[in-house]
Amino acid sequence: MRMWVYIVRRVLLMIPVIVGVMTITFVLTNALGTTQRIETFIGPSKNGYAPQLKCDPANTSPNAPMCANPAYTRAIHALGLDKPAPYQWGVYIYNSLTLNWGNTSKSSDASQLYGITTSTSVITVLSWYLPYTLELAAISLLIILALAIPIGNYSAVYRNRPFDQAARVISFSGYAFPTFLLALLILLAATQASGGFVATCNGGSDAFNSWFGSWPSYNCLPSGSYPNWMGSQNHFHTTPTGFPTVDAVLNGNSYLAWESFKRMILPALVIAFSAIAGILRFVRNSMLEVMNLDFIRTARSKGVPEKQVVRRHAGRNSLNVTVTVLGLTFAGFIGGFPIIEDVFGLTGVGNLLVQSVKQPLDYGLVFGTTLLFTIIVVVANIIVDVLYAYLDPRVRLG
Amino acid sequence: MATAPPPGTAPPPAKALSSGKRPSPRIAQIKRTFYFLRRNTLAIIGLAILLFLVSIAVGSFFYNAPSDQLATYCGTDTGNGVLLSNGSNAAGCNAVVCTYPYDQPAPQPNCFPVDPNQVSVLPPTASLAHGLGPFPFGSLTTTADTNEFFNLFAGMVKGAPWSLGISAIVVISGSMIGLFLGATAGYLGGYADESIMRLTDVFLAIPGLLLLIVILSTAGALFPGFYGHLEILLIAFIITDWPIYTRIVRSQVLVTREQKFVEASRASGAGTFRILRRHIIPNSLYPMFVQMSLDIGTIPLGLATLVFLGFSIFPHVNFPEWGSITAQSVEILSSTLQYCQENSACLFPWWQFFIPGTALFLFAISVSFFSDGLRDALDPRLRR
Numbered sequence: 001m002r003m004w005v006y007i008v009r010r011v012l013l014m015i016p017v018i019v020g021v022m023t024i025t026f027v028l029t030n031a032l033g034t035t036q037r038i039e040t041f042i043g044p045s046k047n048g049y050a051p052q053l054k055c056d057p058a059n060t061s062p063n064a065p066m067c068a069n070p071a072y073t074r075a076i077h078a079l080g081l082d083k084p085a086p087y088q089w090g091v092y093i094y095n096s097l098t099l100n101w102g103n104t105s106k107s108s109d110a111s112q113l114y115g116i117t118t119s120t121s122v123i124t125v126l127s128w129y130l131p132y133t134l135e136l137a138a139i140s141l142l143i144i145l146a147l148a149i150p151i152g153n154y155s156a157v158y159r160n161r162p163f164d165q166a167a168r169v170i171s172f173s174g175y176a177f178p179t180f181l182l183a184l185l186i187l188l189a190a191t192q193a194s195g196g197f198v199a200t201c202n203g204g205s206d207a208f209n210s211w212f213g214s215w216p217s218y219n220c221l222p223s224g225s226y227p228n229w230m231g232s233q234n235h236f237h238t239t240p241t242g243f244p245t246v247d248a249v250l251n252g253n254s255y256l257a258w259e260s261f262k263r264m265i266l267p268a269l270v271i272a273f274s275a276i277a278g279i280l281r282f283v284r285n286s287m288l289e290v291m292n293l294d295f296i297r298t299a300r301s302k303g304v305p306e307k308q309v310v311r312r313h314a315g316r317n318s319l320n321v322t323v324t325v326l327g328l329t330f331a332g333f334i335g336g337f338p339i340i341e342d343v344f345g346l347t348g349v350g351n352l353l354v355q356s357v358k359q360p361l362d363y364g365l366v367f368g369t370t371l372l373f374t375i376i377v378v379v380a381n382i383i384v385d386v387l388y389a390y391l392d393p394r395v396r397l398g
Numbered sequence: 001m002a003t004a005p006p007p008g009t010a011p012p013p014a015k016a017l018s019s020g021k022r023p024s025p026r027i028a029q030i031k032r033t034f035y036f037l038r039r040n041t042l043a044i045i046g047l048a049i050l051l052f053l054v055s056i057a058v059g060s061f062f063y064n065a066p067s068d069q070l071a072t073y074c075g076t077d078t079g080n081g082v083l084l085s086n087g088s089n090a091a092g093c094n095a096v097v098c099t100y101p102y103d104q105p106a107p108q109p110n111c112f113p114v115d116p117n118q119v120s121v122l123p124p125t126a127s128l129a130h131g132l133g134p135f136p137f138g139s140l141t142t143t144a145d146t147n148e149f150f151n152l153f154a155g156m157v158k159g160a161p162w163s164l165g166i167s168a169i170v171v172i173s174g175s176m177i178g179l180f181l182g183a184t185a186g187y188l189g190g191y192a193d194e195s196i197m198r199l200t201d202v203f204l205a206i207p208g209l210l211l212l213i214v215i216l217s218t219a220g221a222l223f224p225g226f227y228g229h230l231e232i233l234l235i236a237f238i239i240t241d242w243p244i245y246t247r248i249v250r251s252q253v254l255v256t257r258e259q260k261f262v263e264a265s266r267a268s269g270a271g272t273f274r275i276l277r278r279h280i281i282p283n284s285l286y287p288m289f290v291q292m293s294l295d296i297g298t299i300p301l302g303l304a305t306l307v308f309l310g311f312s313i314f315p316h317v318n319f320p321e322w323g324s325i326t327a328q329s330v331e332i333l334s335s336t337l338q339y340c341q342e343n344s345a346c347l348f349p350w351w352q353f354f355i356p357g358t359a360l361f362l363f364a365i366s367v368s369f370f371s372d373g374l375r376d377a378l379d380p381r382l383r384r
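These protein sequence lines are chains Z and U, in that order.
Counting in the working numbering, the final residue of the first sequence is number 398, and the numbers go up one at a time with none missing.
Counting in the working numbering, the final residue of the second sequence is number 384, and the numbers go up one at a time with none missing.
Everything labelled a hint here was simulated from the structure, so no lab data went into it.
Glycine included, every Cβ here is placed at the ideal spot set by N, Cα and C.
The reader is advised that the hints may include incorrect statements.
What the hints assert, rightly or not - To give a feel for the contact side, a few chain U residues facing chain Z, derived at Cβ under 10 Å: (1) Q104; (2) V202; (3) S217; (4) A221; (5) Q259; (6) V262; (7) E263; (8) S265; (9) G269; (10) L301; (11) F363; (12) S368; (13) F369; (14) A377.
Sequences are here, hints too, so could you generate the full structure?
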């Protein structure tokens, strides 16, 4: 029962943080011009949001009488732009909390790349790409955990021995190397190793695709071979769940499920390599602290074999810290996604962000993806906290 | 490496006690720290690399780059890779390049020998003779969109103080803000604590790279004249950097506040400011230093990522900074590789990304190893 109270409390505490983040984006939106703000929120108008239009189009003299643009006036009222800043803030927060995150600009790089020909609401566009990012995150998180826990434990046991030194140097090199360079080099090497470039599919070739999967990268499937549950050619919004691999399984297409999974392995490995150092460091430190505690000495003096001491007594007790650290490092971990998705040409939210910051900027998508990533981080933190409280009964659920 | 200390050497504290004169406790502390640091091979390697990079940064002020800023040369982009042009002046270039086939005599002084069949490369013998540094350091690096060539050696040397300086400024300013806010929040408690920490939570919830992107993309609209200038960049990095320090300092202050010596100081009538300045802050610094040394290596990496994403950070494209050199060198990589594949006579320009990438790598890895060793040496529980 107390667990439920704790969860509800945590979820309620999440709201001020999210409102705070929305306030930051609101402050930044204020930097934009009025026309830009209107376009970001309501979507571009067919005639533009010029504040005033000439009343008589035939009169071309510069002193011709002007009259108000009705679309402009309506938008000003809808966003409260004629009211003081606190009112505008209220409108902005209300809109953001009710998932009205504005509209995409149809002339931006992101829209053109993904074939979004009309101005679409940001939340709809994000919902097409979010599942892909979540699948990628899940796979790379599994890889990180599967590597970090055993390596961290043995690093602590063999502290300052060659194994420890090697593990630390290799994991640090992932942290200290520019992610985009690493990703690009691995992609180029993989492409080169499988027979070179063909311009049509993300710099890959047929051999590359047979190794690393061909779907759902936006130009890697021959047109005409889309099943009807796969959505349009540019954004593979699959039905029913939106998660590409899951949907392929649900629709009984094992070939596409395997292709989709393969496509994520290489990026997930790169993400894991670049994010593992922080987690490994904490696992090692917490294991070092646990190994110095009294009950370990007791276990040893009782004659428990060293292997069992490490695995059962120390290993399980250091696991709690690992869970906490996952929450702490999650922001850094998810922050690496835009680069990876961009380099590997994956159709996720991160790639959307990278495309939307290219000139001309698509501010609706920039703010939308930022809010979305922040919400992912906050929700992940809550899950981690609850998991921590569940794993370690000593944690006060106050 | 945790090898046993060689026989005959004992930790400095014992030595200090045995000799008649006692050194000042601070000096003794530093000596003891260095003793434990010296036993950690990785930390010493990190310190050595760091000193090397700092010495390059200092030495760069005494190095005269071949031209006023960086040697800038022009070439043409064939679409499949960049070829040095034969004396022609491509649009947008501010220097006329004079090149000649390397197996023929030079037509005039200050001309560069090139292999016309190869992509963006000087013959190995040419670079030293033209004051460009040893091959491959002296090779010319190209940028993707401007068809400009610049001298990698000069860029790396002249970039060292910029990279190290930007990182230091960002980390020091961020940690000073964090120190001030964290100490205030931790010591005063109550509403000050709540409001500062909620603000910190909000900033910590946004992934750092995304906050940078959002700030920079709107700063372009807010300050059109300053778009991409160093000042905006520094401010964006500082805004991203301060919250973690606030959190670290506050948690440390909460521990220090309850110590007996603070109570004693308060009992003897010290004011809030004096307690903060003399007792709380000096005792809360070490975790902050560790975080600083971790962060400082990632600032050039963040810069590189921003340039890679297409933010034109600097007023001029060949601003000498390790991160932006790396990012620019990567842009033409795949097209060059494709060109090399189609034309067999081609030297893949590996140095273009390898040398600046290695510099970034060495900087980040050396500070983190050094900070790790420092942490181990400062924390008595981990000394063993």
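Here is how each hint holds up against the structure:
1. Evaluation of the U/Q104 hint against chain Z yields a violated restraint, the C-beta minimum of about 34 Å exceeding 10 Å.
2. The beta carbon of U/V202 is positioned within 10 Å of a beta carbon in chain Z (closest approach about 3 Å), and the interface hint is therefore held.
3. At a threshold of 10 Å, the smallest CB-CB gap from U/S217 to chain Z is about 5 Å, leaving the interface hint in force.
4. Interface hint at U/A221: satisfied, since its Cβ lies 5 Å from the closest Cβ of chain Z, which is below the 10 Å cut-off.
5. Of the supplied interface hints, the one on U/Q259 is violated, with its beta-carbon coming no nearer than about 22 Å to a beta-carbon of chain Z, more than 10 Å.
6. Residue-level restraint check for U/V262 is violated (minimum Cβ-Cβ distance to chain Z is 26 Å; threshold 10 Å).
7. With a least beta-carbon distance of about 26 Å to chain Z, the hint placing U/E263 at the interface is violated under the 10 Å criterion.
8. Nearest Cβ of chain Z to the Cβ of U/S265: about 31 Å, over the 10 Å cut. The hint is violated.
9. Taking 10 Å as the C-beta cut-off, the interface hint given for U/G269 is violated, the closest approach to chain Z being about 36 Å.
10. For U/L301, the interface hint holds, since its Cβ comes within 10 Å of a Cβ in chain Z; the closest pair sits about 5 Å apart.
11. Using the Cβ-Cβ criterion of 10 Å, the hint placing U/F363 at the interface with chain Z is satisfied: the shortest such distance is roughly 8 Å.
12. Restraint check, U/S368 versus chain Z: the minimum CB separation of about 6 Å is within 10 Å; hint holds.
13. Annotation: interface hint on U/F369 holds; nearest CB of chain Z at approximately 7 Å, less than 10 Å.
14. With 10 Å as the threshold, the beta carbon of U/A377 stays out of range of chain Z, its nearest partner Cβ sitting at about 13 Å, so the hint is violated.
In terms of the numbered hints stated before, the structure departs from hints 1, 5, 6, 7, 8, 9 and 14, listed from lowest to highest.
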